[in-house]
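Chemist: Going line by line, the protein sequences match chains X and R.
In this text, residue positions in the first sequence follow this note's numbering: the first is 1, and each later residue adds one.
In this text, residue positions in the second sequence follow this note's numbering: the first is 1, and each later residue adds one.
No wet-lab data here; the hints were simulated from the structure.
Treat the hints loosely; a few may be bogus.
Copies of the same chain look alike in the list, so a pair counts if it fits in one copy or across any two.
Claimed, not checked - Here are the simulated lysine to aspartate or glutamate pairs, EDC-like style, with alpha carbons at most 20 Å apart:
hint : residue 1 : residue 2
1    : 261       : 129
2    : 392       : 218
3    : 58        : 82
4    : 369       : 54
5    : 214       : 365
6    : 369       : 391
7    : 231       : 391
8    : 236       : 110
9    : 56        : 3
10   : 300       : 135
11   : 231       : 109
2 protein chains.
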Amino acid sequence: MPDQIALMKAMFTAAVKQALPEHGVAANMPSQPKGRTIVIGAGKASAAMARVFEQKWKGPLEGLVVTRYGHVVPCERIEIVEAAHPVPDAAGTRAAERILQMVQGLSEDDLVVALISGGGSALLSLAVDGVTAEEKRAVNKALLASGAPIAEMNCVRKHLSRIKGGRLAAAAFPAQVHTLVISDVPGDDLAAVASGPTVADASTFAEARAIIAKYGIEVPPSVTAHLAAAKNETPKTLANTKSICIASPQQSLEAAATVAKQAGYIPIILGDAIEGEAREVGIVMAGIAMQARRFNQPVKPPCAMISGGETTVTVKGKGAGGRNVEYLLSLALKLAGAENIFGLAGDTDGIDGARDVAGAFITPDTLQKARDMGLDPWQFLANNDAHNFFEKLGTQIITGPTLTNVNDFRVVLVG
Amino acid sequence: MPDQIALMKAMFTAAVKQALPEHGVAANMPSQPKGRTIVIGAGKASAAMARVFEQKWKGPLEGLVVTRYGHVVPCERIEIVEAAHPVPDAAGTRAAERILQMVQGLSEDDLVVALISGGGSALLSLAVDGVTAEEKRAVNKALLASGAPIAEMNCVRKHLSRIKGGRLAAAAFPAQVHTLVISDVPGDDLAAVASGPTVADASTFAEARAIIAKYGIEVPPSVTAHLAAAKNETPKTLANTKSICIASPQQSLEAAATVAKQAGYIPIILGDAIEGEAREVGIVMAGIAMQARRFNQPVKPPCAMISGGETTVTVKGKGAGGRNVEYLLSLALKLAGAENIFGLAGDTDGIDGARDVAGAFITPDTLQKARDMGLDPWQFLANNDAHNFFEKLGTQIITGPTLTNVNDFRVVLVG
């Protein structure tokens with residue numbers, strides 16, 4: 001039995017390792033320019049990316065990267081500033097203004113390196129003239145409540161920003177812009193990660209207005225006026241830019257799949273962007289695992305069912321929970337001790353919700369062990385208290401903050 | 001585009017057809033006995049099974065079958081009575097008493113044919129002496145609230161019943177007992193469908209007591225006393241009995257898979273017992289479908305992702321909904337118009353929740369069509385009003401009651 005646990009841990013480790021900046025930044029360094037090198041960036045993993053970059057970079061450089069409070073990695077040559085996420089604050093706005101200024105007035109001999117990761121959209125928030133930060137935030141809130149798909153929300157955001165939707169790269173013209181991205185968005189659309197400050201944007205002011213109308217979103221008059229004026233469209237093409245996705249959920253799942261395969265398990269990747277309420281995703285995954293057990297479908301065991309993406313937790317209890325451990329506890333309850341089925345779930349950033357715990361694992365005797373200890377698994381689930389449940393069982397996965405993020409990693413092993 | 005719709009409809013039709021009694025009863029008729037033939041049965045599909053049986057049966061027969069109110073199929077030689085489901089009523093208890101009496105005093109030359117289908121547990125409810133029907137119902141309610149797996153709930157039920165857990169077959173001894181089952185339970189355990197009145201039961205009084213203790217279930221003193229006395233254990237082996245599963249969720253999914261394969265789609269069966277909140281299952285299935293589109297995983301399109309089982313709906317709105325249409329509307333919203341992905345979901349019994357509608361289908365332009373008509377899909381979902389949504393779009397699946405039930409059928413076609 002320890003074999004399965006060791007395998008699942010090795011798969012998680014491989015998934016996280018694949019997502020670390022060390023790997024992807026070093027492998028995708030730009031050529032030395034004739035002129036200046038300016039490193040900018042925004043996102044939860046961007047300080048860690050900056051550190052790798054400055055260690056590998058032989059020439060001179062200057063730079064400014066904004067990351068989330070607590071995600072600082074000390075750098076020697078690149079300035080790191082902290083700002084608020086997910087709701088922008090003044091520190092983020094100041095950083096965005098400085099970054100926009102830094103990339104202006106460059107020549108074609110200069111190089112801008114953009115280090116972009118999830119969370120960068122909030123950290124690099126800069127409203128267009130005539131619209132206040134508060135008004136922009138109100139529009140954002142209304143968009144989130146509208147049910148509009150992320151692509152449509154981004155279209156509106158990009159048309160209210162001085163930096164998003166490729167505007168930062170346009171400002172840097174004619175300098176070369178080399179963008180490295182750690183993706184945390186479904187579909188890995190590089191124009192979507194941090195709202196793509198250095199990536200060309202196909203959407204238009206007319207579309208932004210249509211989206212506002214379609215969802216009946218109430219916006220301040222300043223926003224209506226700005227979208228109607230339709231001045232300064234987002235760049236549809238960007239010369240001298242190159243964007244590389246150095247880490248993504250799918251790449252991490254593939255790395256874990258390779259580990260499973262080497263151990264004799266058929267890997268089956270169900271999705272790199274599985275969403276939904278965590279406990280319900282656990283129930284569905286239990287159903288799929290049981291199908292493999294009973295009917296050798298979709299594949300014959302031994303197999304490893306792998307998935308990524310971000311589930312959600314509707315908090316009703318007062319416990320210490322996270323989406324990975326809540327998913328996992330629900331999975332265990334639905335499997336009800338089914339023989340030879342094991343599971344692990346963890347957040348690749350090392351922090352699953354409420355605690356500095358990445359996730360946990362389950363074995364066929366998880367529920368029995370809990371009940372032998374006098375614990376009621378249903379009660380822990382009802383109280384959103386899965387971290388305490390797995391702490392008592394001694395089956396937590398603790399990595400510490402990994403300073404990268406390609407969302408969640410889940411595996412169900414069917415032996 | 002109509003091709004995909006036609007294919008999905010053909011798959012659903014094949015799934016339902018596979019589950020009809022015509023198919024399985026006729027193929028599994030017992031041999032003519034020397035003595036009497038007594039047909040008994042219980043379940044939502046059991047009257048329809050009885051009709052096929054009496055049409056095919058050459059010899060004399062007598063019999064009594066209990067079905068749910070509204071599920072009567074007129075029979076000429078077998079008496080059909082109606083009773084309440086899911087909460088038992090006096091009509092069910094009377095029918096159970098009569099059925100138990102009918103199978104007693106038989107010889108080994110006699111044949112008892114048991115026609116069992118989902119819902120039979122409530123329809124064939126008969127408490128042991130000393131425990132009232134109300135007390136048994138209270139225990140059942142507490143079991144449902146305990147979170148105990150179905151196998152453990154059945155263990156307790158079988159030890160409080162005069163008919164469940166093989167007791168009916170034991171009463172018929174030494175007659176031959178030929179049981180035909182339409183399964184609606186995850187795992188197709190024939191001892192679980194209608195709590196297995198003619199199937200040997202491995203569970204014990206001691207286990208029933210342990211389950212009561214494990215979940216801290218409060219039971220009336222009469223129940224405690226009966227379980228402690230442990231008189232009349234369920235039969236662990238049953239001579240002269242034969243049980244055949246003539247229809248199951250998996251068999252229906254396989255039938256649909258064959259149709260998909262013939263049309264050039266790779267069928268992939270994800271589970272015959274997928275459960276969870278309907279709208280969340282829709283989100284997960286959208287994630288799996290997108291994985292096929294983007295990464296050719298778990299299989300390369302064109303593929304048909306097939307699943308069965310019963311999802312649940314937590315009703316918060318006041319609309320007309322059902323678990324299949326709610327799943328489907330949520331799937332459409334999560335897919336957000338993704339190209340070349342189609343879906344259909346329907347209840348194989350022809351009635352998806354609130355209406356005489358089996359289900360519905362979606363196409364890539366479902367949301368756009370709805371918005372063009374001025375409908376807000378999110379609002380229909382929030383109001384649990386998916387039947388009205390699909391009625392307005394004209395994409396309902398209407399079969400009328402099929403008088404069989406192997407739970408839900410869902411397919412997502414990825415082209």
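Chemist: Could you run down the list of hints and mark each one as holding or not?
Modeler: Results for each hint:
1. 261 with 129: neither (54 Å within a copy, 58 Å between copies)
2. 392 with 218: neither (48 Å within a copy, 27 Å between copies)
3. 58 with 82: neither (26 Å within a copy, 85 Å between copies)
4. 369 with 54: neither (49 Å within a copy, 52 Å between copies)
5. 214 with 365: between (51 Å within a copy, 15 Å between copies)
6. 369 with 391: Intra 13 Å, inter 50 Å, cutoff 20 Å: intra-copy only.
7. 231 with 391: neither (56 Å within a copy, 43 Å between copies)
8. 236 with 110: So residue 236 and residue 110 fail the 20 Å test inside a copy (22 Å) and across (83 Å) alike.
9. 56 with 3: For residue 56 and residue 3, the Cα distance exceeds 20 Å both inside one copy (38 Å) and across copies (56 Å).
10. 300 with 135: neither (54 Å within a copy, 45 Å between copies)
11. 231 with 109: Neither: 29 Å inside a chain and 93 Å across chains, both beyond 20 Å.
When the structure is compared with the earlier hints, violations turn up for hints 1, 2, 3, 4, 7, 8, 9, 10 and 11 and for no others.
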